[in-house]
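Undergrad: Below are the chains, spelled out letter by letter.
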Amino acid sequence: MAQTVKFTIDGKQVTSTEGTTVLEAALSAGIFIPNLCFHPDLEPYGGCRMCIVEIQGMRGMPTSCTIKVAEGMIVKTFGPEIDKTRRDALQLLLANHPTDCLACVKNQRCELQKVAAYMGVTERTMQRTARPQAVDESNPFFKLDRNYCILCARCTRTCNEITCVNAIDLVSRGDETRVSLFQDQQFMESICRSCGECVARCPVGALVSKNTVIPSSEVLTTCCYCAVGCSMYLGVRDGKIVSVRGNSEGKSNKGKLCVKGRFGIAEFVTHPDRLTSPLVKGENGQVQASWDDALQIVADRFKTYSPDEIAVVASARTTNEDVYAVQKLARAVLGTNNVDNCARL
Amino acid sequence: MNLSGLREQANNAWKAVNEPSRPQVLVGQATCGEASGAGEVNHSILETLKRLGIEADVHSVGCIGACYCEPLVDIVKPGAPRICYHSMTPALVSELLEDYLVKDNPRPDLALGVWGESRFGIPALFELPMFKPQMRIALRNAGVIDPENMMHYIARGGYTGLERALKMAPEAVIAEIEKSGLRGRGGAGFSTGLKWKLCRQAKGSPKYIICNADEGDPGAFMDRDLLESDPHAVLEGILTGAHAMGAAEGIIYIRAEYPLAIKRLVKAISQMRDIGLLGKNILGSGFDFDLRIVMGAGAFVCGEETAMMNSIMGRRGTPRPRPPFPAESGLWGKPTSINNVETWACVSAIMEKGADWFSSFGTEKSKGTKTFSLAGKINRTGLIEVPMGITLQEIIFGIGGGIPGGKSLKAVQTGGPSGGCIPASMLSLPVDYEALTKAGSYIGSGGMIVLDEDNCMVETARYFLSFTTSESCGKCVPCRLGTRQLLTILTDITQGKGKPQDIPAILGLGKSMRQGSLCGLGQGAPNPAMTTIAYFREEYDEHINSHVCRAGECRALISYTIIAERCKGCAICLRACPSAAITGEKGKPHVIDISKCSQCGNCLDVCPKKFNAVVKVPAAGPAAVPAAKG
Ligand SMILES: Cc1cc2nc3c(=O)[nH]c(=O)nc-3n(C[C@H](O)[C@H](O)[C@H](O)COP(=O)(O)O)c2cc1C
Ligand code: SF4
Ligand code: SF4
Ligand code: FES
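In order, the protein sequences belong to chains A and B. Just so you know, the numbering used here puts 1238 at position 43 of the first sequence, and the rest follows in order with no gaps. Just so you know, the numbering used here puts 115 at position 98 of the second sequence, and the rest follows in order with no gaps.
For reference, chain A alone in the conformation it holds in the complex (with noise of 0.2 Å):
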């Protein structure tokens, strides 16, 4: 068990356990402080420097995201240095990033926008420095908008520390540093798998799905595509599936996903090639059948062989527990030990 640890930020007194960040606890403990490169899932960085805070017996002013909470400890989150500090950072951001909100798919759920908001920014104060930068839309699923780029990293460490691909990484120094495939490689080219867990974590419009609708609600499910059995939440619009994302309490995924879960399910739920009743083979070809008609045939085939004749091959696109439920139903049921899975899709 983790030890816990008591001390106070803003006054106010807050328990977190033994190794939480100051940042983490404080986002708990339902205190805000801005933050863009942190990230949950991810190691910390102290990339953006909006989460500065003063610490009382720490020189300067750390970043909450990478000091570990200590019993005692006395944490101020705001006041005018801080801010001075945290916005002309945000500006200097500002200051280098495209101006258009609105021609953007990240509006309004973008978190540049939402820092500048809760900081009370409306205007920009600093020098244009922003110079078009490289666009890569190789991608069919996503494409990387390095001018919208922040260069959080959060991208970059998810290929790294979570997908272990490592397709991309930052490369070059100053503000010419940008994300990157080996080589300057468009996405195709490389070794990227197209999973799409940095474009799930990237706050701005510089990673983004290239068919990006806004659900109107959304669903709990599980993925069909295999038998991992990764939770995730559909989105919906119009009766049509419009989004995608992984559920970060997903038992076996805790939110990822790969291509075919995130990018696949929306067309393939709906394709018109799709076998939507079974068809039973007959002289006139395949015919539509009911489910109960379909079955009782096959039944009354299964009763012309003997139990060793019978092999019973499962798909993998079922379910852990659908695959049990299979071969208990050709050992108990059909008698038979010829049990196999396709285990590849």
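Derived by calculation from the structure, the hints in this document are not laboratory data. Where a beta carbon is used, it is the ideal one built from N, C-alpha and C, also for glycine. Incorrect hints may appear among the rest.
[Claimed, not checked] Label-pair ranges, simulated between beta-carbon atoms:
| id | chain 1 | residue 1 | chain 2 | residue 2 | range |
| --- | --- | --- | --- | --- | --- |
| 1 | B | Ser208 | A | Ile1386 | 54 to 60 Å |
| 2 | B | Pro146 | A | Gly1274 | 52 to 58 Å |
| 3 | A | Glu1213 | B | Trp349 | 21 to 27 Å |
| 4 | B | Ser208 | A | Cys1296 | 47 to 53 Å |
| 5 | B | Val311 | A | Glu1213 | 30 to 36 Å |
[Said to hold, decoys possible] In silico DSBU-like pairs for lysine-lysine, Cα to Cα no more than 30 Å straight-line:
| id | chain 1 | residue 1 | chain 2 | residue 2 |
| --- | --- | --- | --- | --- |
| 6 | B | Lys605 | B | Lys626 |
| 7 | A | Lys1201 | B | Lys351 |
| 8 | B | Lys351 | A | Lys1263 |
| 9 | B | Lys626 | A | Lys1201 |
Add chain B with the ligands to chain A, keeping to what the hints say.
TA: Chain B with the ligands only, in chain A's frame:
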């Protein structure tokens, strides 16, 4: 095993140089010497000796610091002291050898000084204004010995400090270093003893130590010279630290742009291995340690300790927030201690001569000595080592011999790109950590760039910002974008596009960068701009309000004209002008069309001195734009 067996051999080797039975010739061949032609001089020496049929030994030594008058050649003739000759060329050295070795004329006209007492009418080297105020501890052997000959180092007391340390408990060694008052020479000035103690006490194994030889400040070359001139002084310090902290492995992180230093380090490390100073059970003390070299690709930020550790581990060289400090969690998450090259060289001297001896130099809080590289508008450029507390006045006018060309001193830039400019009016400032920090600058690693009346302070700030803008690692916002913002504003000012509100903008943003940046690069980057505003505000105001650059350095704010009465119409300038801006008939006064002029200044440079017809006027040509409103 101990080194006493080797000491006699070493003493003989050293004696053969200083009290020789045949002539000894020593050529200063650090990179500075090589750059000024020491290689050709060495070649000429060998040819001449062959031609004259003289049996002599020729050695390569490091740099004694008098970079302004290199190549340097020392000659020791049997029965005579070592004499140092300066500004050698292949022809001159050949003449010198013939005169001195054959005709017995020591050529006082070519000599810089005699090692020891004055002789043959040649002054004593260490009584010269350049050397007298110096105290050479880290540089004790630089330019004295052959850095590739370990016997020379041992003969000069080398490795006695280590032998002493190995007989002491690690804690006692740390106490000795703490008592000496030694503070890190890499910039921050943190107590070395305390740093070692934290690493010693940290839990975790193995422990690592790192020698920081990245040295990326523009104008700084202390560490390079030291490694090229006396690698064992540094290596002995590292070994001592390893024993004190209980480290198993040491890494020397050095930029690949220092090939000669690397070559000499590689050689020195293999010499150490040969005599059992590296590996298992060093000198029979039961202590195991090994060293390796990691070459950096030349990023300034990789001199920062956490970025350096990332780089060593094969990651992108960017800093990470501290805590955790390297002493708790450094390389591969293990306790790690990082010290600068010069710090390590001081350690070996302290262990040899004692903490009290070391702390007898310097000021109350800054003990010992510090090396500085003197560069810029100064007569005697070079590498010096002075006791802490010496004044800037003594350094610049005493050791450095003042400003060339009868110009007047304007400012001294110290501390590299994170440092600041100290105005001439503050020359009585003692050079120590506290005093320079109070003045808004830093000792830094020891770069000292002297600026005279022809240097524009806005342009100086702009130059340093252009360096930090491109060297920022890009990780954190205040530095990555703040340096660009400051550079944009400063560039505008130097181009006559400044606005009055630029000054408060620089100061405000500068403060936020100091407080908000992740590492020292971004924290220090505004310093050149902030100190020049503090001390040279009037120059900023002139640029902004009157479009005048008094130093005449900002191209957009100057123009060139030809004074008709002086012009003889020789057409030299006409031919030298790359913009075809000059017209005029032969023999008649020429004129410059300022709409075509690119302010390159070629005309001024080529106009014969006796005519002196071209003048630079600090007035706005067409390149300057009207002041922006607001
Ligand atoms: C941007 C930056 C560059 C640095 N470059 C160097 C360097 O080139 N050499 C060096 O010794 N220290 C450099 N430092 C300081 C190191 O981080 C570290 O403090 C030092 O190596 C510790 O050694 P010391 O205690 O012996 O000074 C740099 C620091 C920063 C922030
Ligand atoms: S693309 Fe998005 S996630 Fe990646 S660094 Fe840029 S802003 Fe951050
Ligand atoms: S201050 Fe500059 S160099 Fe240091 S971490 Fe930030 S961006 Fe990198
Ligand atoms: S959230 Fe802490 S530095 Fe970005």
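Undergrad: Compare the structure with each hint and give your call.
TA: Tested hints:
{"no.": "1", "hint": "Ser208(B) / Ile1386(A): 54 to 60 Å", "result": "violated (48 Å)"}
{"no.": "2", "hint": "Pro146(B) / Gly1274(A): 52 to 58 Å", "result": "holds (53 Å)"}
{"no.": "3", "hint": "Glu1213(A) / Trp349(B): 21 to 27 Å", "result": "holds (23 Å)"}
{"no.": "4", "hint": "Ser208(B) / Cys1296(A): 47 to 53 Å", "result": "holds (51 Å)"}
{"no.": "5", "hint": "Val311(B) / Glu1213(A): 30 to 36 Å", "result": "holds (35 Å)"}
{"no.": "6", "hint": "Lys605(B) / Lys626(B)", "result": "holds (18 Å)"}
{"no.": "7", "hint": "Lys1201(A) / Lys351(B)", "result": "holds (28 Å)"}
{"no.": "8", "hint": "Lys351(B) / Lys1263(A)", "result": "holds (19 Å)"}
{"no.": "9", "hint": "Lys626(B) / Lys1201(A)", "result": "violated (79 Å)"}
Violation of the numbered hints given earlier is confined to hints 1 and 9; the remaining hints are satisfied by the structure.
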